[in-house]
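Visitor: These are the residues of each chain, in order.
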Amino acid sequence: MIWDLHCHLNGVDGRTPEERMAQLLEYADRMGVDRLIVFLGMSFSRSYDPKPDDFRQQNDEVIQAISHWMDRALGFAYLNPNYLQESLDEIDRCIVNGSLVGIKLWVAARCNDQAVDTIIKRVAELKGVIFQHTWYKVGGNLDGESTPDELARLAKRHPEIPLICGHTGGDWERGIRAIRDCPNVSIGTGGFDPTAGITEMAVRELGADRIIYGSDIGGRSVSSQLAKITGAQIPKESKQQILGGNLKKMLLPILREKGIKP
Amino acid sequence: MIDVNVSLFHWPFRRLPHDTTDQIVKKLKAAGVTCAWVGSFEAILHEDADGVNRRLAAECQQNNDGFLIPFGCVNPTLPDWKEDVRRCQENYKMPGLRLHPNYHGYALDSELFAELVAECHQRELIVQISLRMEDVRTQHPLVQVPDVDVKPLLELLPKFPGVKIVLLNSQRSLRGPLATQLTEAGDVYYDFAMLEGIGGVGKFIEGVPYQRVLFGSHFPFFYFESSQLKLKESDLGETIRAAIATGNAEKLTF
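These protein sequence lines map, in sequence, to chains F and S. Oh and the first sequence: position 166 is 166 in my numbering, straight run, nothing missing. Oh and the second sequence: position 153 is 153 in my numbering, straight run, nothing missing.
Hint data in this document are derived by calculation from the structure and do not stem from the laboratory. Some hints here could point you the wrong way.
Said to hold, decoys possible - Computed Cβ-Cβ distance ranges for the label pairs, DEER-style:
(1) S:82 x F:47: 22 to 32 angstroms
(2) F:43 x S:48: 43 to 53 angstroms
(3) F:72 x S:51: 26 to 36 angstroms
(4) S:209 x F:153: 27 to 37 angstroms
(5) F:143 x S:51: 42 to 52 angstroms
(6) S:90 x F:26: 49 to 59 angstroms
(7) S:31 x F:71: 47 to 57 angstroms
Claimed, not checked - List of simulated lysine-lysine pairs, BS3-like, C-alpha gap at most 27 angstroms:
(8) F:236 x S:251
(9) F:127 x F:156
(10) S:232 x F:137
(11) S:164 x S:151
(12) F:236 x S:26
(13) S:29 x S:151
(14) S:82 x F:236
(15) S:93 x S:29
(16) S:232 x F:236
(17) S:27 x S:82
(18) F:137 x F:156
(19) F:51 x F:121
Stated by the list, open to error - Residues from chain F that keep clear of chain S, each with C-beta distances beyond 10 angstroms, as calculated:
(20) 30
(21) 97
(22) 137
(23) 170
(24) 223
All figures in this text were calculated on a predicted structure; none of them were measured in a lab. Ideal placement from N, C-alpha and C gives every residue a C-beta, glycine not left out.
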């Protein structure tokens with residue numbers, strides 16, 4: 001069983017969200033991926049600090065994309081903490097009253113922003129999954145681009161709320177260390193090069209139950225991202241946990257709440 | 001399957017899960033690789049280039065079945081570099097070189113590089129150029145090495161018709177129509193170890209003739225399965241898949 005935590009409609013052929021979703025599923029079928037989590041719209045480069053109309057439209061596109069494939073695809077709502085009330089309203093619209101099952105926080109604001117605390121508390125009440133993009137770029141991050149250290153500080157303020165450290169910080173040797181002592185933080189393995197050793201180190205330092213497979217398609221290749229798990233020298237049982245078991249377990253409460261078949 | 005992008009010895013900044021020659025050979029053979037073109041990780045930082053090439057040749061020779069084909073490294077900023085080229089070909093029987101212009105500090109529009117290409121042209125050596133070894137965003141803070149700019153090849157290659165250039169790890173920095181233009185300017189080939197994007201290989205051959213695409217894994221720095229699975233991810237058809245996996249590289253060497 002393979003569940004992919006990290007998929008986008010961007011970078012995929014197709015004129016409509018449905019066409020792009022169909023494309024993603026064609027590749028998923030070929031590569032043996034059972035379920036895709038989709039977030040961000042057809043073009044997410046419009047602004048790193050999207051206005052409410054923008055992130056609402058992107059969420060609409062995700063809702064539209066997954067609507068025909070609820071058995072194969074799930075979606076997260078994209079929010080901008082710089083627009084706190086609008087983000088809380090979007091949680092109501094997309095998660096409470098809509099089909100989405102988690103949130104994606106990207107690079108609009110660093111996750112040590114107070115608004116993020118309010119957002120994640122609300123999502124946790126709903127049992128939604130929280131995905132925070134993180135990177136350590138040696139040349140410097142974007143103004144609003146979080147590091148795993150910042151996520152670790154957020155996690156320690158809310159030790160009862162599960163969080164996902166997207167990209168493992170890119171520089172995974174630092175990223176893994178940064179969140180190592182935050183048992184409520186899992187890493188997402190998608191969206192960086194398939195550098196050998198990442199998964200072995202992560203299993204060693206975090207345990208297999210804190211690692212979640214994701215790809216970051218369509219900007220990334222399914223293959224390069226799957227290889228990090230399938231090619232790793234770790235037990236078969238650990239691979240099963242990472243490729244789908246951990247994500248399914250994290251999603252189960254909200255899927256049950258919404259009556260979506262796991 | 002011929003893998004044109006494998007490296008031996010130790011990556012300077014990390015121990016890799018497969019970093020002994022025995023482990024590498026075992027893994028590649030188990031995956032169906034029949035021949036691997038190998039460079040040396042030592043080449044990027046060592047200044048005793050002949051020491052690096054000598055060890056590489058000896059290591060390949062120890063696996064005495066012709067499975068590992070050594071590609072030596074020449075740094076044209078070092079004194080008497082032409083002797084390194086000569087030794088690579090005449091002493092170590094290497095069919096080509098693997099260059100690291102970014103780690104060695106020269107550009108492809110430099111006189112030095114033109115001289116090196118001329119030397120390889122005359123000797124009919126394949127020239128592999130590694131555009132990057134790793135994501136520039138995750139490099140060691142004290143060793144930040146920019147990607148190689150290959151645009152100067154557009155002007156240079158027509159001066160050396162027939163010289164065979166293999167660009168490794170190219171697709172993260174090679175943008176726009178340049179890949180296509182380079183194949184028109186000369187005998188330029190690409191591996192796809194760093195090709196990203198969903199269905200990447202299939203999309204790449206929309207702009208570059210499939211006859212110019214070679215299987216390369218950047219193993220053991222990358223998980224080998226990354227490139228292996230890419231051949232499955234795109235619906236290439238058997239003819240194209242076989243050409244990319246094996247046939248194109250075979251034609252390049254024989």
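Visitor: Work down the list of hints and note, for each, if the structure agrees.
Guide: Hint by hint, here is what the structure shows:
1. Evaluation of the 22 to 32 angstroms hint for residue 82 of chain S and residue 47 of chain F yields a failure: the beta carbon distance comes to about 54 angstroms.
2. For residue 43 of chain F and residue 48 of chain S, the Cβ-Cβ distance of about 51 angstroms falls inside the hinted range of 43 to 53 angstroms, so the restraint holds.
3. For the hinted restraint 26 to 36 angstroms between residue 72 of chain F and residue 51 of chain S, the CB-CB distance of approximately 55 angstroms leaves it violated.
4. A hinted range of 27 to 37 angstroms for the beta carbons of residue 209 of chain S and residue 153 of chain F is inconsistent with their spacing of about 52 angstroms.
5. Range check, residue 143 of chain F to residue 51 of chain S: Cβ separation about 46 angstroms, and the 42 to 52 angstroms hint holds.
6. Distance hint for residue 90 of chain S and residue 26 of chain F: a CB-CB separation of about 52 angstroms, consistent with the stated range 49 to 59 angstroms.
7. For the pair residue 31 of chain S and residue 71 of chain F, the beta carbons lie near 34 angstroms from each other, so the given range of 47 to 57 angstroms is not met.
8. Taking the CA atoms of residue 236 of chain F and residue 251 of chain S, the gap is near 39 angstroms; set against the 27 angstroms cutoff, the hint is violated.
9. With a CA separation close to 19 angstroms, the supplied pair residue 127 of chain F and residue 156 of chain F stays within the 27 angstroms bound.
10. Of the supplied pair hints, the one linking residue 232 of chain S and residue 137 of chain F is violated, its CA atoms being roughly 31 angstroms apart against a limit of 27 angstroms.
11. Our distance criterion of 27 angstroms between C-alpha atoms is met by residue 164 of chain S and residue 151 of chain S, whose separation comes to about 16 angstroms.
12. Annotation: proposed proximity of residue 236 of chain F to residue 26 of chain S holds, straight-line Cα distance about 20 angstroms (limit 27 angstroms).
13. A hinted pair counts as satisfied when its Cα atoms are at most 27 angstroms apart, and residue 29 of chain S with residue 151 of chain S does not qualify at roughly 36 angstroms.
14. Of the supplied pair hints, the one linking residue 82 of chain S and residue 236 of chain F is violated, its CA atoms being roughly 50 angstroms apart against a limit of 27 angstroms.
15. Taking the CA atoms of residue 93 of chain S and residue 29 of chain S, the gap is near 23 angstroms; set against the 27 angstroms cutoff, the hint holds.
16. A distance of roughly 22 angstroms separates the Cα atoms of residue 232 of chain S and residue 236 of chain F; the hinted pair therefore holds under the 27 angstroms criterion.
17. A hinted pair counts as satisfied when its Cα atoms are at most 27 angstroms apart, and residue 27 of chain S with residue 82 of chain S does not qualify at roughly 35 angstroms.
18. Between the alpha carbons of residue 137 of chain F and residue 156 of chain F the distance comes to roughly 23 angstroms, so the proposed pair stays at or under 27 angstroms and holds.
19. Note on residue 51 of chain F and residue 121 of chain F: the hinted pairing holds, with a Cα-Cα distance of about 22 angstroms set against a maximum of 27 angstroms.
20. With a closest Cβ-Cβ approach of about 7 angstroms to chain S, residue 30 of chain F is found to fall inside the 10 angstroms limit, against its non-interface label.
21. The beta carbon of residue 97 of chain F is kept farther than 10 angstroms from every beta carbon of chain S, the shortest such distance being approximately 31 angstroms.
22. With a minimum CB-CB distance of about 4 angstroms to chain S, residue 137 of chain F fails to clear the 10 angstroms threshold, and the non-interface call is violated.
23. Distance check on residue 170 of chain F: its Cβ comes as close as 6 angstroms (rounded) to a Cβ of chain S, failing to clear the 10 angstroms threshold; non-interface status is violated.
24. Listed as a non-interface residue, residue 223 of chain F fails to keep its Cβ farther than 10 angstroms from every Cβ of chain S; the least gap is roughly 3 angstroms.
Of the numbered hints listed earlier, those contradicted by the structure are 1, 3, 4, 7, 8, 10, 13, 14, 17, 20, 22, 23, 24.
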